[in-house]
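**Student:** Read off the chains here:
There are 4 protein chains.
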Amino acid sequence: MLYFESDYTEGAHPAVLARLCETNMEHVSGYGEDKFCDAAKAKIRAACNAPDADIFFLVGGTQTNRTVIAGLLSPYQGVIAAQTGHIAAHEAGAIENSGHKVLCLPQTLGKINAHDLRDYLETFYADESHDHMVQPGMVYISYPTEYGTLYTKNELCAIHAVCKEYKLPLFIDGARLGYGLASGASDMTLPDIARNCDAFYIGGTKVGALCGEAVVFPGGNAPKHFFTTVKQNGALLAKGRLLGVQFDALFTDGLYDTISRHAIACAEQLKALLTAKGYSLFLDTPTNQIFVILPNDRMKTLGEHVKFCFWEKYDNEHTVVRFATSWATDPADIDALAEIL
Amino acid sequence: MLYFESDYTEGAHPAVLARLCETNMEHVSGYGEDKFCDAAKAKIRAACNAPDADIFFLVGGTQTNRTVIAGLLSPYQGVIAAQTGHIAAHEAGAIENSGHKVLCLPQTLGKINAHDLRDYLETFYADESHDHMVQPGMVYISYPTEYGTLYTKNELCAIHAVCKEYKLPLFIDGARLGYGLASGASDMTLPDIARNCDAFYIGGTKVGALCGEAVVFPGGNAPKHFFTTVKQNGALLAKGRLLGVQFDALFTDGLYDTISRHAIACAEQLKALLTAKGYSLFLDTPTNQIFVILPNDRMKTLGEHVKFCFWEKYDNEHTVVRFATSWATDPADIDALAEIL
Amino acid sequence: MLYFESDYTEGAHPAVLARLCETNMEHVSGYGEDKFCDAAKAKIRAACNAPDADIFFLVGGTQTNRTVIAGLLSPYQGVIAAQTGHIAAHEAGAIENSGHKVLCLPQTLGKINAHDLRDYLETFYADESHDHMVQPGMVYISYPTEYGTLYTKNELCAIHAVCKEYKLPLFIDGARLGYGLASGASDMTLPDIARNCDAFYIGGTKVGALCGEAVVFPGGNAPKHFFTTVKQNGALLAKGRLLGVQFDALFTDGLYDTISRHAIACAEQLKALLTAKGYSLFLDTPTNQIFVILPNDRMKTLGEHVKFCFWEKYDNEHTVVRFATSWATDPADIDALAEIL
Amino acid sequence: MLYFESDYTEGAHPAVLARLCETNMEHVSGYGEDKFCDAAKAKIRAACNAPDADIFFLVGGTQTNRTVIAGLLSPYQGVIAAQTGHIAAHEAGAIENSGHKVLCLPQTLGKINAHDLRDYLETFYADESHDHMVQPGMVYISYPTEYGTLYTKNELCAIHAVCKEYKLPLFIDGARLGYGLASGASDMTLPDIARNCDAFYIGGTKVGALCGEAVVFPGGNAPKHFFTTVKQNGALLAKGRLLGVQFDALFTDGLYDTISRHAIACAEQLKALLTAKGYSLFLDTPTNQIFVILPNDRMKTLGEHVKFCFWEKYDNEHTVVRFATSWATDPADIDALAEIL
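From first to last, the protein sequence lines are chains R, Y, Z and A. Just so we're aligned, residue 32 is where the first sequence starts under my numbering, counting upward by one. Just so we're aligned, residue 32 is where the second sequence starts under my numbering, counting upward by one. Just so we're aligned, residue 32 is where the third sequence starts under my numbering, counting upward by one. Just so we're aligned, residue 32 is where the fourth sequence starts under my numbering, counting upward by one.
Bound-form chain R, shown alone:
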C-alpha cells in the first residue's frame, strides 16, 4: 500500500525524535518554563526576524485557533474568515463554543481579498443597526489555505492594511506554514509573514513534529494573561518540554525549511505524474496537497493500492480526492505509484 492520505500519518522527523530521546531524562520545570522552550523561542524569534515576539507552544491546530481567537476577541466580537476557513467549517464549533461568531466572507480558491474585506466592513459600519450585530473583532486567514493555495505578498499586505485601518488584528493559521513558504509559488519568507500580521502560528504537527504549534505574536503583543487563557482552554501542557524540544530541533540548522522543501518537491513530482497520466486536477495548487478528479471506478481500483483522501463528490461519475505529501514522503512511493498508474 502506498500512503498519500494526509500529512499526519507518520510520527516525527527522525532528528526531532532523536532530540526527544537525547534530552529525555533531563530534569526541567513544567508548563513551558524550561530551557528547551527558551531555546526554541530564541531560534524562532531569529527565524522570524522578530526579536520581541511573544511565543507560546500549543498542542494542535483547532486548539490553537480556539485559544488565540479567545485571547484576541471581546465577547461581543466575531472573527472574519473565508467560508472555507478551517474555523468556519471543520472545528466542530470550537470557536462558537467559546462564544464567538465566525463572520464569513466569500472566497476564491480558499482565499479572501482586501476588497471584499473592506466592502464587508464599510457595509457593516454603514448599517445603522450595526450595534445590534456581532462586531468584527479580528481577521483569520490560512497560509496555505485549506485548498493548498497561497496569498501573494501583495494580497497579504492589502488585507493587513485594511485590518490596520479598522484596528482588527490579523491572525494567520499556519498549520502547514512550512509547505507554503517552501513552495516555488510563494513570494514570502517567515519574516514577511511575521511583519504582515498580528499573530500567526507555525505548524509542527503536519511538518515534522509529533504534535505542536508555535504561536507567534511578532510585536510582543500577546493578549494580557494569555498564559491563563491557554490553561483555561485546556491547552497548557504539563511537560511543555515536549513542544520545546521538538521546535528546538525543527529550528536547528534549517530543518523546518529543509523538510518542507522535500514535501514540495515530492508534490511537484506527484502532480507531474498525475497530469502526465491524464488525470484532471480539481485545483492547481502549489503546495503539498493535490486535488484530483477521479472517475469513480478508477477511484475504487486505485484505492486497493494507494491511500488517498476523499474530498468531495464532483458529479455522479467522478469524485475529488486529495493526495498529500509531507516531510515523510518516500520518493520511492511516487515511483511505485507511477508503476501502478
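Note that these hints are calculated values from the structure, not bench results. The beta-carbon is built from N, C-alpha and C at its ideal position, and this holds for glycine as well. Accuracy of the hints is not assured; some may be wrong.
Unchecked claim - Now the stretches of chain R that chain Y is said to cover, found in silico as 3 or more residues with beta-carbon under 8 Å: (1) 69-81; (2) 115-125; (3) 160-171.
Unchecked claim - Every beta carbon over 10 Å from chain A, so not counted as near; a handful from chain Y, in silico: (4) Tyr107; (5) Ala119; (6) Ser129; (7) Asp162; (8) Lys255; (9) Leu267; (10) Ile324; (11) Met330; (12) Cys340; (13) Asp364.
Assemble chains Y, Z and A onto chain R, guided by the hints.
**Tutor:** Chains Y, Z and A in isolation, oriented as in the chain R frame:
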C-alpha cells in the same frame, strides 16, 4: 409627523393596559406562578388546540430565541437557519454567546425550503468527516420571515417532515406571528402552526403588548428543567404577572387576532397607496412590513414628514426603506400620507 | 389573607402606572433611544450627582448582574462575591453560563469586608502558581445584602480602596437599593453610592416598577460597546420606553425615595410588632426584610392567615421565615396582623 | 542539584520512548483511528476488567476534566467537587469557561464523603427555590486527591451509592491514578475503580508518558457524540498514535503498575528519611507526594541543593513544601539527599 417606522413605537393596546391597571394591586406570587399566567396559558392552549402544551412567558425576541435554542441543543450541536434569519444576522451573537453555531441555508425571500434542508443534511451525513463538524441539532424558521413573507402550509409541512426524519426539533420564531396569521395570503391557523413544529413563540411585543413572548411547546415537550434554563439566561421575570396579564388580555375575545387583522388591513391600504403613487416595491410582502425602493432625494424630502426605516442601499441613487403598520396604526395617518405623496 | 411574602407581589406604583397610561400612544423609537429614557437618565444623573454617568435600563436583576459582569470581565477573570451573594447562590449559574467563576469570600450577615478582600488578593498574588487560576477581575457586593443588612460608608470606602489598589471595578447590586438608602441605619445617600463604586444598579422591580433596573456607570465608564453586550445577553427591550417611562416616574418628585421610606416605616412597625409578640428575630435587619424564627406548628397556623416566605430550616422544631414589606404594603395589614398574633 | 520538584520533570519512561521510536515511520490514520490506539484500548479494557468500556485518549489533565465534564452535563447543571478539587482551584476557570459552576463540598485531607454529599443533595432538593439554582449534575473526585490521600473502597462505594440514588454520574480524576493504586494504603485495584464510577481517567502525563490521559467510560456509557465534544474542546490530536503508542506501552507487561510501585517505594524511603531527620510532615500521605513543614531558613539553604515545590505558607517562620517522587526518581538521589540532610 407620520409614523411608519416600526411596529414597536407605541405602548400596549388599550385593552391590555386596562387589564394591567385593573389587576395592578392584586397580590400574587412571583416568577410566573400566578393566576394570570395560568389563565393566559389556558387560553393559549385552547387557541392552539394544544391541550398538553408547555407554555413559558419570556420578555423579548432575541432573549426568547437564545433561551429556547439553548434549551433544545446539546453543546456540540448548531441550529439551521436561513442566512437572513434573525438569529443569524441581528442578534449580536446571542446564539454563539451561548455556544452554538448558526448553520446557514440559502433563502428565497427570507424562506428556506425542504429540498435545500434535506440536501444539507444528506451532504452533511455523507461527509466522512462530519464528526469533526458542528452537528445540526434543530431548525429555526420565522413566520412571517424577516422579509415579511409567509411559508405556505405545504412548505411548512415539508420542512417539518424532513425535521422529523432527521429527529431535529423545528422551532418557529413568531415575533410577528399575529401579522402572519392575519394575512390574506396565509393558509394557516394557530393550531396549524402548533401541529407543524416542536416549539414556537407567539410574539407580544410587536402585537399589542408592552413586552412579552409566549413560548409554546405544543406537545408538552419542553426541554427538561427549562425553567432553570430561563432563569440562567436572565429571562425570568420576578413579576411574571406582567406577562401573564398581557397575554391573558390578548387572548381574551380574540383580541390578538382582531388587532393583527387591523394591521394587515392598514398595510394593504398603504401598499395600494404607494404603488398607486408609482413607488416600486422591493418585495411584494403580504404582512405588515412594506419594502419600497425610494429615489434618494425623495427619501430625504419624504423623511421630513414621515418616519420610515432605512433597510438597505439599493443602488447609488435609490434606497430600500421599510414602512410598517401595527395594531396601533391610525388609518387617518394613511390618508395623511396620501396627501403628502 | 395578609401578604408579606415578598416585595414583588403587586404591579407598579400607581404613579408609575399612570405615567405608562398617559404616554402609551406616543410614538417613539425603540431600543431605549427615546425621550422617556433620556429624561429618566437625566433625572438619575442628577439624583446621583453624577453628571457624566452612563446609564442603561435592563429588565431584571439576574439579567443585569449577568450582563454587567459579562461586560466588565475578560474571559480569564472571575468576580469576587460573598458566599451568600445572589450571583453565587440564586441565579441558576447565569454568571458561569457566561464563562466566569464566582470567587467566594466569607461573609458576616451577608457582608464581606475590606480586610478579607485584601487578604484574598494578597494570598492570590503571593501564590506562585496564580497564573494557573482564575484571575480576580471585579468585586460584587449587594446593598442591601441578601440578608437585608447594610454596609456603612466606612466599610464601603474601605472595600473600594482595596479595589482601586488592585484595579478591580466594584459593582453594587442594588436590587433593593431604595430600601437600603431609606433605612434609618444607612449613613449613605445615592451620590455616596455613586462616588464609591464603578458600577451599580438602581432596582426598579422591587421598588415600584413592573420591571426594570437602571445600571449606572457613574464616571461615564461603561464597558466598550456595552449596548451590544446588552443585546447579546437578550437584555435589550424593543420597547425601551417601558423602562424609561417607569424610571422617569420613579425619579420625579422623589417618588423612589418616598415609597422606599414607606416600606421601611412599615418594616419597623412590623418588626416592633413581632418582637413585642415574643417572636425571635433570626437577624436584626434594618431594611424591608425581616427574618423570624417560628416554631413549626405556629408557622402552620399562622400560614393560614398570612403569607410569608420560607427561608431555611432553623432546627427540627423551628423554621426561619421572611416577612417583607414594600412600597405596596398597606399599614392596615400590619394592624390586621397584630390582631391575628 | 537533586530533583523532587514534581512528577513531570522528565520525559517518558524509556520503554514508552522506545515504542514511539520503533513505530515512528509506520503509516496510520489520524484522530485516534489507528491500530496503536486500538491495541491500547484493548489492553486497558482488559486491565480494567471492563470489556465494554468506551475509551478516549486526551492530552492533559485540565483538558480532560473540562471535556469530560462538558460531555456529561447539561448547560443548567454544575459539578460537585471538593473545595480543594483541581477543577475548583487550579484550572484557570476551564470548567466555568464551558459554562458550568463547580459546586463545592467541604473536604478533609482533600476528600469529600458520602454523608456530606447526601446532606448537600437533600438540602438542595428541600429548598423550595432550587429551580432558581444550578442543578447538581455529576460528582467529581480525585484518586489520589490533590493532597495525595486515598479514598478507601468503602468510602468510594458509599459516594457512588449516593450518586446512583440521585442519578449523578461519578467521575474520578486519575491524573496520578497509578500512584494511588500502587500505594500500600490502597485497598483498590483498577477494576475496583472501573466498577465504582461512571467515568475516570488513567493519567499518563505524570506516570511515564510524555503526555496523555486515557478516559474510560467503563460501561460503554460515553456521552453521545463525545468524539465531537473532544474536537470542539480542542482536545483531539491529529496524530492520535502519539497517545495510542504510549498507552500501549504503559499497559504492556504491567509497566504502568511497575513504574507506579517504584515511585511509591521511593516516596516511602524519602518520607522515612525526612521524618528520621526530624522534619514534620504537614500531612501523612500514602502516595508519591510528601508535604513537609520547613523552617524558612532551612528551606533556603536546602533549596541550593534540592528542588522541591512551594506549597503554602505555614506560619511566619515556616513553609509547607512538597517533595514528589515518580517513575523517574533515581534512588541514588534519595541517598544523596540523606547526605545533605
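**Student:** Please write out, lowest number first, the hints stated earlier that are contradicted by the structure.
**Tutor:** Numbers 1, 4, 6, 7, 8 and 9 - these are the hints that the structure violates, sorted from lowest upward.
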